[in-house]
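Peer 1: Put the complex together from the two separate chains, hints included.
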Amino acid sequence: MWTLERNEDTEQQIIRETFHLVSKRDENVCNFLEGGMLIGGSENRLIYRHYATLYFVFCVDSSESELGILDLIQVFVETLDKCFENVCELDLIFHVDKVHNILAEMVMGGMVLETNMNEIIIQVDAQNKMEKSEAGIAGAPARAVSAVKNMNLPEMPRNINIGDISIKVPNLPSFK
Amino acid sequence: PVPSLHQSHLLRELIRTIRTARTQAEEREMIQKECAAIRSSFREEDNTYRCRNVAKLLYMHMLGYPAHFGQLECLKLIASQKFTDKRIGYLGAMLLLDERQDVHLLMTNCIKNDLNHSTQYVQGLALCTLGCMGSSEMCRDLAGEVEKLLKTSNSYLRKKAALCAVHVIRKVPELMEMFLPATKNLLSEKNHGVLHTSVVLLTEMCERSPDMLLHFRKLVPQLVRILKNLIMSGYSPEHDVSGISDPFLQVRILRLLRILGRSDDDSSEAMNDILAQVATNTETSKNVGNAILYETVLTIMDIKSESGLRVLAINILGRFLLNNDKNIRYVALTSLLKTVQTDHNAVQRHRSTIVDCLKDLDVSIKRRAMELSFALVNGNNIRGMMKELLYFLDSCDPEFKADCASGVFLAAEKYAPSKRWHIDTIMRVLTTAGSYVRDDSVPNLIQLITNSVEMHAYTVQRLYKALLDDISQQPLVQVSSWCIGEYGDLLVSGQCEEEEPIQVTEDEVLDVLEGLLVSNLSTPVTRGYSLTAIMKLSTRFSSVNRIKKVVSIYGSICLQMYSHSLQALFCRNDSTVVLSKSSLFYRFNLHVLYYLVSLLFQANDLLDLLGGNDVVPVIQTTLPTKPASAGGELLDLLGDLSLSSRTSLSLSPFLSLTHSFTFFLSTVITIHATNTTEADMTEFVFQAAVPKTFQLQLLSPSSNMVPALNQGSVTQVIRVLNPQKQQLRMRVKLTYTHKGSPVQDLAEVNNFPPQSWQ
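Quick note, the sequences are listed as chains A and L, same order. So the first sequence is residues 1 to 176, counted in full-length UniProt numbering. So the second sequence is residues 1 to 758, counted in full-length UniProt numbering.
In isolation and in its complexed conformation, chain L is listed as follows (with noise of 0.2 Å):
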């Protein structure tokens, strides 16, 4: 049973109940009694506990429960005489208030009394509440009374009213004006709290109007004075801060300098000597002092400062990066990929410790590390650098790999020292970080070895190796192929220089570039590529029959997904995009369309039609319409293949299924006919038929011959089209002549694995 509140319980109280609470219901249920207790006594308008109910009422809002039913009450503590009740209350208006409620507007008068209270305390707490969440209109209502307050001797107050003018001025521009006055004399003050929001208003007005600016561009002698005396002073018990004095009030100086020198040369060589001074006789043993020092370096660099000052500044930043304390060699990095642009040849001298920095353990040091190393690079440093940052690569988390790796190619791109230097760093990528690399790296890549036409063979013989190695990382695979299918003449005729040439046989390549159209590893896109660079082999190669059969398994079923594609592109009035030379894409992209149709009308044709790769196809499609893409991803062709490959399920017992795979509504069989007899068949034909609502394709088979005793196999491919997905039967019959005699053999498949109907 959930033990009883009561409207007079006091705050600990009710914090001890709720903190009884084992579930999260359990609270919910005593928070729900709590605030019916407390709206019932609200209505009561009982002044006795309204106070302490308000603050039972923010700390279930502290817990994220609705508390907008107190507004009302908070306004009216405000109202009240006590102290306690207007803490409170104006508590519950920072909390619980913003502009969006009608209800705030109902304080200014509270706010305007208050200002005026006989008791500082009492101004403290208004001047604290306008200056947190006071709207345009408070604010223009209440600027003169803040303007007053900002001239008072009574430090307390003059400190909160600077930064309540500052609020005033974010939300009401126009008003920065009626400020002016009061600032006359903001920097002549001895407290150092009014001291700090003095100089945090003057930076609000400086960064806001130029004019004001200018204005107080004039008081920079004065700053520099304040600064010197703190720093010069000694020991002074009341501002230390670890030894030294009122840190805080430096760095914001420093600050403000900073703001005021930029762009004025006047300025900046008043400071010059102040900041000097710093640089070099701050304390570095403890955090305070290293804030200085670091804001310090932010004000050198940003204003016109001398350049024995600026080198003096990044050496400090050089010196951070060997600081022990991690954010210290954070805030250093942060600055150095600030002014590495502007002093990039001082920068460069910190090079090694930054590039030290790549192995740090923090996540954002390493990072910023990684953004200052290829910011650093340029022709001279571009072998050592580029050794660090490929290690960086092999060994960083996978967050880091897709930046570095596109890091990696500009500055490839723009400093490599020789064209194979420049392959060999992409290889190095593509193999270590391949599955990270960016895809519309792979255009530009395929162009860059383009372009390297010396290289050519050298880079397809390297990506050919790479395939054999590693089949998993796509754009590895893309590149390799594409490269393949434009140089596989290279490949297979030895022709490479730069490195010993490889023995491989057009077969060889076939097999390759087939595994990767098969394997589960390879995506849509990548096979794709592979299926793309197949095709341009049969014009390359001898082995024509081979690709034609490949081809004319999958081609014709890729077709169905081209359709989209196909209609785009034809129906483009724009014909030179799809032939020029820029868009690799549409060019290579033809060439597939091309093929692919010229399938669907003249499958035995295929030689004849290649060739010519300037002729436009001016064929009308009866392709099934569907919306044109939006032209980006025309190589997302085989979108829906889903392939399994298993190897051989056996069906009987001599005929094995090795293959097969669906998409769509089509299924690929491959099925392999062994003997295990000890006479060959011969004239060996395999016939097939299936049930009504499957369609049946043939293709011829490899052979009519299966030699004895295992010695080989026919392999026969075979087409089923299964609209409806059903189970996919079969009835097979084979004749061939054994041992002289003819012989029929009829069997009934049923086994086919589900993965090829389903």
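Chain A extracted, bound-state conformation (with noise of 0.2 Å):
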């Protein structure tokens, strides 16, 4: 989470820097870089690990334990494997919402929330269900919806209402 100021450019410059920094990193170097100014002075850290073709990278301060971060991320990494079934780069990448989701069972307001796994994954399943359940409900006349406007038709009428779940059917004449 970002905790700086809120600027897009800098956000971006943060992320150019820190891949930059990183991708060129030995495999035999310890994995702590100071990264200075660019993060907020030197009590600042990035810690990464590397998996393959990603790496995880963590911006902390000194309040942080440098090897228990190291094993955070091991946790987080195992979560996401376990909620995606055997995580692969295009999973993280297709589902940017639910790693956000994983996380913030994990990470609150820039400190550890919750370490255990387990309980992760239950809370991060529970509220999933939620989504479905609300999906399945509602979800019906939704997609009827999408159907409808993207067939192409003559005369699309405007005003189809889901706020309540009654729907006016438009009369035309393909539509059955």
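Heads up, a few of these hints could be off.
To be verified - Under the rule of at most 27 Å between Cα atoms (straight-line distance), these lysine-lysine pairs were calculated in the DSS-like manner:
| id | chain 1 | residue 1 | chain 2 | residue 2 |
| --- | --- | --- | --- | --- |
| 1 | L | Lys112 | A | Lys132 |
| 2 | A | Lys132 | L | Lys76 |
| 3 | L | Lys190 | A | Lys82 |
| 4 | A | Lys129 | L | Lys82 |
| 5 | A | Lys24 | L | Lys366 |
| 6 | L | Lys401 | A | Lys24 |
| 7 | A | Lys24 | L | Lys359 |
| 8 | L | Lys33 | A | Lys98 |
| 9 | A | Lys129 | L | Lys76 |
| 10 | A | Lys24 | L | Lys326 |
| 11 | A | Lys129 | L | Lys112 |
| 12 | A | Lys82 | L | Lys286 |
| 13 | A | Lys132 | L | Lys82 |
| 14 | A | Lys98 | L | Lys112 |
| 15 | L | Lys76 | A | Lys98 |
| 16 | L | Lys387 | L | Lys465 |
The hints are simulated quantities; they were obtained by calculation from the structure and are not laboratory data. Computed from a predicted structure; not experimentally measured.
Peer 2: Below you can see the structure in the form of structure tokens.
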């Protein structure tokens, strides 16, 4: 989570430079990097772990144990693995929101919230179930509307109200 | 053509599409199109797709594109009844909003409602968001709700409330008191998540308030008990991480104990046993064990532990240094660096391991090993340590050399066992890392050498020999020049006692110094040093004519550059600064300026004016005024010198140009005349004329006889002023007597190299 001044350009710059710093690291050096002014001072460090083609980089201050963060990254990756079933790069790319949800159960406000993998998974699963059940009840009309909107029809009624469940079915010749 | 994107498309469809973009421009186009679609969807107040559109917007924001127009939509999602909406809405708020946007305050009411929601996950979302980006006003408004949740029996909410409370306290420190009652039984929780965040909360409170610290000291026994249970409880599948029971919690507790035990004897004593237990019983084969051990060591070193425990801790660090894992070596060195002042002797025992780390491949480890090594140097180990450090200096990366050199100088100054050793060490640094030595080292070294009176002869000899080998390292050259200027008489008289004295003549010495003046490798500052040295030698050497010539060539030109420094010095009211012994710069700059000023007015009587070092010149200068320099770089004399030396360029059958250099508008050209005929050319006179835009000055030629058959040459130095930077042309008239008859030769010389007039 960004606790520095929220600014897209700064954020992107930090991301770019972090990538640059970390990607040129040798395999046999330690996993700690001093990022200096880039990440708000010499008290802060970049701690990373390298898994296959991915780098997981955590930026921490002096209140975190460096060795402990290495273990935390491991917990995070194992959790991702369980949640996505043999997680791979594409999972993380296409389900960014899910990654956020998982991370939100581990780190909150820049502080470590939960380190027990099973606990995290239970909570993430429960919330996903809630989402699914909501989609289940109200999903059908939304999907129907979506189908209608994508058909090439000469006229499209403009006011289909999803707010209440009752839909005004359009009077269209080809719609059965 | 860009594939069409529709507001109803799912996030993953957007991602897929964007990934097909082959160029940055293509991606931008897609994003813009998508944003336009999303914007119109937002305008239509379309509830159906708001959720996924915001999700898409957050993705694009992650890629770096602006997403501010989605801020209000996040709020609408938060206000929705659906969990799905709220989830994305709150995530959006955390990613897009902060205190600077007024919009964030509108969330306060929603969060308040959601903190009291019937579903714990909604409450969790609200706590999370508040704890992440809540402003001071929001925290003030909602602190009561958070406090309530801190007392709930729902462990999921309790742990989140604890971290949220930390954020509230950070934003509004005055509210810390209100959380105090709720902390009463936080530590009796069974749930580790709650325990963990509770310890974080307690840590925050103790760090912020000495009163709180005092108050929570009574928790030490309870914390010790919890830690003990974790260690002794045996295998607990629920909390096991690589064979250790909840290492994260152990580390947190150890950190809190550290804060509580600091500067308090009783608390420190109460935790003594458990610390010893953890230190000796923790399994170290995995990182989790080492993390705990490391934290334990830090705690032992920080509290008022008994000496036996401290030694144990440092020995653990010593063992860490031998660990294969680089991370462990890194943290060990970092901690040793912190404790080396307070537990110097204990750390000394690991000196050899630390010195070995100088050879590590990892840059961070090397740096810490270097800093630690310097911290460990003392009178007893100086010789051995210096050997290692000098070896390190030889082979280390450039980024270390400056710091290492400075460190060596400092250590040598403090602990040198003998003056000779000291000089040798300095020599070693200057010759191996001479280009990396800091500029401010030079005057310090000069001062040091000055004070080592009995070593003057030895020093100047060694420095002279070093110059013969290599003139590229400027600090070395500067120190050497200064020494030669000061002690050149000792050099030529061969008075060295420490080693075999070398045989060197005055001319050889002057050759070397002049070589520095013309070399491309010399910086302006270095040239200043060598010129000064040459001038000083006029009082020590007998070959004054040669010195006069050199000084007259270079000196009056330097004067132009010196003028602003001159002004600065002569205009100083504080003449004591100028003459005081401690400011070396001022002292020998005064020398230089004195010589130069006298040059300007009485070029031929240089000798007469030399002598009295105590004379303060009182001369009204009519030199062009320039703003006084900041006073710092008085040696920044020959600022614009750009020398280019060329080996002989033939100008005509018997004239060749050996040297030419230009500074500002002046060019100094050295011409040699040689004679290939079988008879000598006597009464040889060289005359020259230049076009109107130039000014010419012919200095005295070396002689008026050019020996036959190339057995010698006449050197003629010419100074040309070329304000308009035109191409140099010269008409040369040579008159001489050859085989008894007078000869006159006229020649046009147009092939001066461009460097001589550009």
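Peer 1: Against this structure, judge whether each hint is valid.
Peer 2: Going through the hints against the structure:
no.	hint	in the structure
1	L/Lys112 - A/Lys132	holds, 26 Å
2	A/Lys132 - L/Lys76	holds, 21 Å
3	L/Lys190 - A/Lys82	holds, 26 Å
4	A/Lys129 - L/Lys82	holds, 13 Å
5	A/Lys24 - L/Lys366	holds, 18 Å
6	L/Lys401 - A/Lys24	holds, 23 Å
7	A/Lys24 - L/Lys359	holds, 21 Å
8	L/Lys33 - A/Lys98	holds, 25 Å
9	A/Lys129 - L/Lys76	holds, 23 Å
10	A/Lys24 - L/Lys326	holds, 17 Å
11	A/Lys129 - L/Lys112	holds, 25 Å
12	A/Lys82 - L/Lys286	holds, 22 Å
13	A/Lys132 - L/Lys82	holds, 11 Å
14	A/Lys98 - L/Lys112	holds, 25 Å
15	L/Lys76 - A/Lys98	holds, 21 Å
16	L/Lys387 - L/Lys465	holds, 22 Å
Violated hints: none; the structure is consistent with every hint.
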